[in-house]
Amino acid sequence: MTPDDPIARYALRLGDDALIMGHRLSEWMSRAPFLEEDIALSNVALDFIGRARLFYQYAAQRVGGDTTEDTFAYSRDVRDFTNLLLCELPRGDFAFTICRQFLYDAFSLPFTEALSSSNDPQLAAIGSKAVKESRYHLRRSADWMLRLGDGTEESHQRCQRALDDLWLYTGEMFQSDTLLDDLIARGVAVDTPALHEAWLTTVTETLAKATLSVPDTDVEVVGGREGIHTDDLGFLLAELQFMQRAYPGLQW
Amino acid sequence: MADQMQLYEVFVRSRRGLDHKHVGSLHADDSAQALEYARDVYTRRGEGVSIWVVASRDITASQESDCESFYDPLDDKPYRHAAMYELPEGVDSL
Numbered sequence: 001m002t003p004d005d006p007i008a009r010y011a012l013r014l015g016d017d018a019l020i021m022g023h024r025l026s027e028w029m030s031r032a033p034f035l036e037e038d039i040a041l042s043n044v045a046l047d048f049i050g051r052a053r054l055f056y057q058y059a060a061q062r063v064g065g066d067t068t069e070d071t072f073a074y075s076r077d078v079r080d081f082t083n084l085l086l087c088e089l090p091r092g093d094f095a096f097t098i099c100r101q102f103l104y105d106a107f108s109l110p111f112t113e114a115l116s117s118s119n120d121p122q123l124a125a126i127g128s129k130a131v132k133e134s135r136y137h138l139r140r141s142a143d144w145m146l147r148l149g150d151g152t153e154e155s156h157q158r159c160q161r162a163l164d165d166l167w168l169y170t171g172e173m174f175q176s177d178t179l180l181d182d183l184i185a186r187g188v189a190v191d192t193p194a195l196h197e198a199w200l201t202t203v204t205e206t207l208a209k210a211t212l213s214v215p216d217t218d219v220e221v222v223g224g225r226e227g228i229h230t231d232d233l234g235f236l237l238a239e240l241q242f243m244q245r246a247y248p249g250l251q252w
Numbered sequence: 253m254a255d256q257m258q259l260y261e262v263f264v265r266s267r268r269g270l271d272h273k274h275v276g277s278l279h280a281d282d283s284a285q286a287l288e289y290a291r292d293v294y295t296r297r298g299e300g301v302s303i304w305v306v307a308s309r310d311i312t313a314s315q316e317s318d319c320e321s322f323y324d325p326l327d328d329k330p331y332r333h334a335a336m337y338e339l340p341e342g343v344d345s346l
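Sequence lines, in order, name chains A and B.
Using our numbering, the first residue of the first sequence is number 1, and each one after it goes up by one.
Using our numbering, the first residue of the second sequence is number 253, and each one after it goes up by one.
The reader is advised that the hints may include incorrect statements.
Stated by the list, open to error - Which chain A residues face chain B? A few, computed with CB under 10 angstroms, are given here:
1. F34
2. E36
3. A40
4. V63
5. S176
6. D181
7. R245
FYI, nobody ran anything at the bench for these hints, they're computed from the structure.
Beta carbons are placed, not taken as given, at the ideal position from N, Cα and C, and that holds for glycine.
Work out the full structure, taking the sequences as your base and the hints as a guide.
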């Protein structure tokens, strides 16, 4: 199920990040703290799922045969998914969801900006489309960080706890491996290790304004890119894939 | 949570050259957040090029009881309407 073509594998990684992140956000539908936020979170969820479709469609096109975007979303097992662990962590409380989103959006904006100048025209086009969404996502999540961090004592505590829990998973965004090194050298993939400094600056500045502290740890949890996941992804996929597993090929 | 929030009225201008039109209301913590929610709640299908949000409490509205003194005296002043004019050709409404 994992394609040989390096660009297809790269597109799948990015598609997996977007699908899993979008699904986690969609779990807030009808459960958000109030109506307006419910709609806003669902909008962001849809942005990510739309992005996943574009990456999967491109991967399917490169793989050829009867592979479609649905093959990747619905017919792969947990070990075939190569999303960042950060994206799959359960949604937690509202503070956790917002902190995860902020840490990811602060990465996603420079990432999509860089992707839009990829040598691969299709990836560049997806990047250009996504960059506008990412700019809005970051504006929203950074705004929430200020409200929660510099809000009540409880919102501050929950936010700091979420940051401490999430921090171990942020290193994976900037990690490289042979596939990535090769595609970076060819000018196809985004040089993610090079984005770390800008990301840390954005995050540090916002956290300072939000009266939150940058967690102090060198521990990193990785494995998502090799298909080594937390238990939680299996449960997520069980729900996401149920219909296609129970009724293969079902359309609606 | 929505109880502690303020109500805002949302106005969206759908195209350049048109007026801002009232499209509804929403709850938010402050005007900056209201603007973001207005974007998410009322312009999801690309309806707008510009959004105004106004705290509902800042709107002074006429009351039902004002009707008699406000509008009734106008009933017998038809000459204030443009209805008496013959429309030039090519003008559908005035």
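Status of each hint after checking the structure:
{"no.": "1", "hint": "F34", "result": "4 angstroms, holds"}
{"no.": "2", "hint": "E36", "result": "4 angstroms, holds"}
{"no.": "3", "hint": "A40", "result": "4 angstroms, holds"}
{"no.": "4", "hint": "V63", "result": "33 angstroms, violated"}
{"no.": "5", "hint": "S176", "result": "35 angstroms, violated"}
{"no.": "6", "hint": "D181", "result": "39 angstroms, violated"}
{"no.": "7", "hint": "R245", "result": "31 angstroms, violated"}
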